[in-house]
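Protein chains in written order, with the working numbering: chain A, 1 to 214; chain B, 215 to 428.
Derived by calculation from the structure, the hints in this document are not laboratory data.
Fair warning: this is a prediction, and the values are worked out from it, not measured in the lab.
Hints are supplied without guarantee of correctness; some may be wrong.
Straight line, CA to CA, 30 Å or less: simulated DSS-like cross-link-like pairs of lysine-lysine [what the hints assert, rightly or not]: (1) K261/B to K5/A; (2) K9/A to K391/B; (3) K5/A to K79/A.
2 protein chains.
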Amino acid sequence: MKIPKPTIKRLALYYRCLNRYREEGVNFVSSKDIAERLNLKPSQVRKDLSYFGEFGKRGLGYNVVKLVDELARIIGVNKVWNVAIIGAGNLGTALANYPGLLKHKFKVVALFDNDREKVGKKIAGIPVFHVGDLIRLTQELNIEICVIAVPELAAQRVAEIAEEAGVKGIVNFSPVKLRTSIPVEDVDITLSFETLAYNILKANPEMLKLIEEQ
Amino acid sequence: MKIPKPTIKRLALYYRCLNRYREEGVNFVSSKDIAERLNLKPSQVRKDLSYFGEFGKRGLGYNVVKLVDELARIIGVNKVWNVAIIGAGNLGTALANYPGLLKHKFKVVALFDNDREKVGKKIAGIPVFHVGDLIRLTQELNIEICVIAVPELAAQRVAEIAEEAGVKGIVNFSPVKLRTSIPVEDVDITLSFETLAYNILKANPEMLKLIEEQ
Numbered sequence: 001m002k003i004p005k006p007t008i009k010r011l012a013l014y015y016r017c018l019n020r021y022r023e024e025g026v027n028f029v030s031s032k033d034i035a036e037r038l039n040l041k042p043s044q045v046r047k048d049l050s051y052f053g054e055f056g057k058r059g060l061g062y063n064v065v066k067l068v069d070e071l072a073r074i075i076g077v078n079k080v081w082n083v084a085i086i087g088a089g090n091l092g093t094a095l096a097n098y099p100g101l102l103k104h105k106f107k108v109v110a111l112f113d114n115d116r117e118k119v120g121k122k123i124a125g126i127p128v129f130h131v132g133d134l135i136r137l138t139q140e141l142n143i144e145i146c147v148i149a150v151p152e153l154a155a156q157r158v159a160e161i162a163e164e165a166g167v168k169g170i171v172n173f174s175p176v177k178l179r180t181s182i183p184v185e186d187v188d189i190t191l192s193f194e195t196l197a198y199n200i201l202k203a204n205p206e207m208l209k210l211i212e213e214q
Numbered sequence: 215m216k217i218p219k220p221t222i223k224r225l226a227l228y229y230r231c232l233n234r235y236r237e238e239g240v241n242f243v244s245s246k247d248i249a250e251r252l253n254l255k256p257s258q259v260r261k262d263l264s265y266f267g268e269f270g271k272r273g274l275g276y277n278v279v280k281l282v283d284e285l286a287r288i289i290g291v292n293k294v295w296n297v298a299i300i301g302a303g304n305l306g307t308a309l310a311n312y313p314g315l316l317k318h319k320f321k322v323v324a325l326f327d328n329d330r331e332k333v334g335k336k337i338a339g340i341p342v343f344h345v346g347d348l349i350r351l352t353q354e355l356n357i358e359i360c361v362i363a364v365p366e367l368a369a370q371r372v373a374e375i376a377e378e379a380g381v382k383g384i385v386n387f388s389p390v391k392l393r394t395s396i397p398v399e400d401v402d403i404t405l406s407f408e409t410l411a412y413n414i415l416k417a418n419p420e421m422l423k424l425i426e427e428q
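Only chain A is shown next, with the shape it has when bound in the complex (with noise of 0.2 Å):
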């Protein structure tokens, strides 16, 4: 069966929705309840997660824990998933010393670059390897998601390099779109400056008018 791709995005969504849900003590919750949290339908809600099966109980609602417990195994975050960053930069950098990843049961176990000076040493307490040793590493190391953070020239190489050390899938970064045969997933942080620029307009209709009459 194929799932759409924006119920795919949602069920991280949702995830983490319930996991709050749990963490409150509540025990049941409609798909009312959810889709107010999250700012959506509650039919969407209902049909989103009905692709995997019937977890709600007319009148009851969802039971959290059993629906946490099934979204994470849904997901793949019933397991921790190691992860390398490839590109020790600002935003390597960055990435490593994000403390959401782990929580989410994402781990970064090494950084690679190709800057000997940045080679050997620590980045909030995880060693940066020459990205030569990528290959030998995926294996000793068991990487299985590959994060590029490397200048664009370079993105697809080091997206072959990872493949051919046999990682999973790949948190691209970089504005190329990657021609791999593993799973990647575009991180474009500009759409979230256009959703917002498009929010401050609809908030402010007065600009929209200085801005047409410019």
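Add chain B to chain A, keeping to what the hints say.
For chain B alone, coordinates are given in the frame of chain A:
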């Protein structure tokens, strides 16, 4: 009219996709063409664009140049937005160095930090000011968007200062749910990791089995 959030997010994708068609010299595209490039259903594309009026002609498709201009106007990227980054650490530095922002009409005009060591220096050619000057400089530099790239504990306080300064919207990289009355767009990088994890498991069903046996 209330436009669904996922539609708004997709508008930026349509804009990018259509821009590429324009660069390629394509004059007309169908909803099917757009849908294929973005891995969506053609019916979804038609529905999303219909919220903003009828741009397509039956049999001929969408006029690329007209649709790009229309989308730019709707999203609000037919003007350059002045952006300030609060927090000149690794993340703030990475963002200041990111050429994609200006390419998409978001111009970083200032960085702010509370570290006196950093104030007065430049990062990627952009001056670093003390966060205490945010209110004054928001007026002087016409700052419209603030990026919050400060540690979690400082995020809410910084958001309040930005709002008081008259900033129109916030791109928030902290994991804090900000309380403001101006629009906020949260950037949650772990969602990308979770989507990737799901896609890896789908591509490697044997992994799922191993996880369940753990």
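Now for the hints, and whether the structure bears them out:
This hinted pair checks out: K261/B and K5/A have alpha carbons roughly 17 Å apart, not beyond 30 Å. Taking the CA atoms of K9/A and K391/B, the gap is about 19 Å. The hint holds against a cut of 30 Å. A distance of roughly 22 Å separates the Cα atoms of K5/A and K79/A; the hinted pair therefore holds under the 30 Å criterion.
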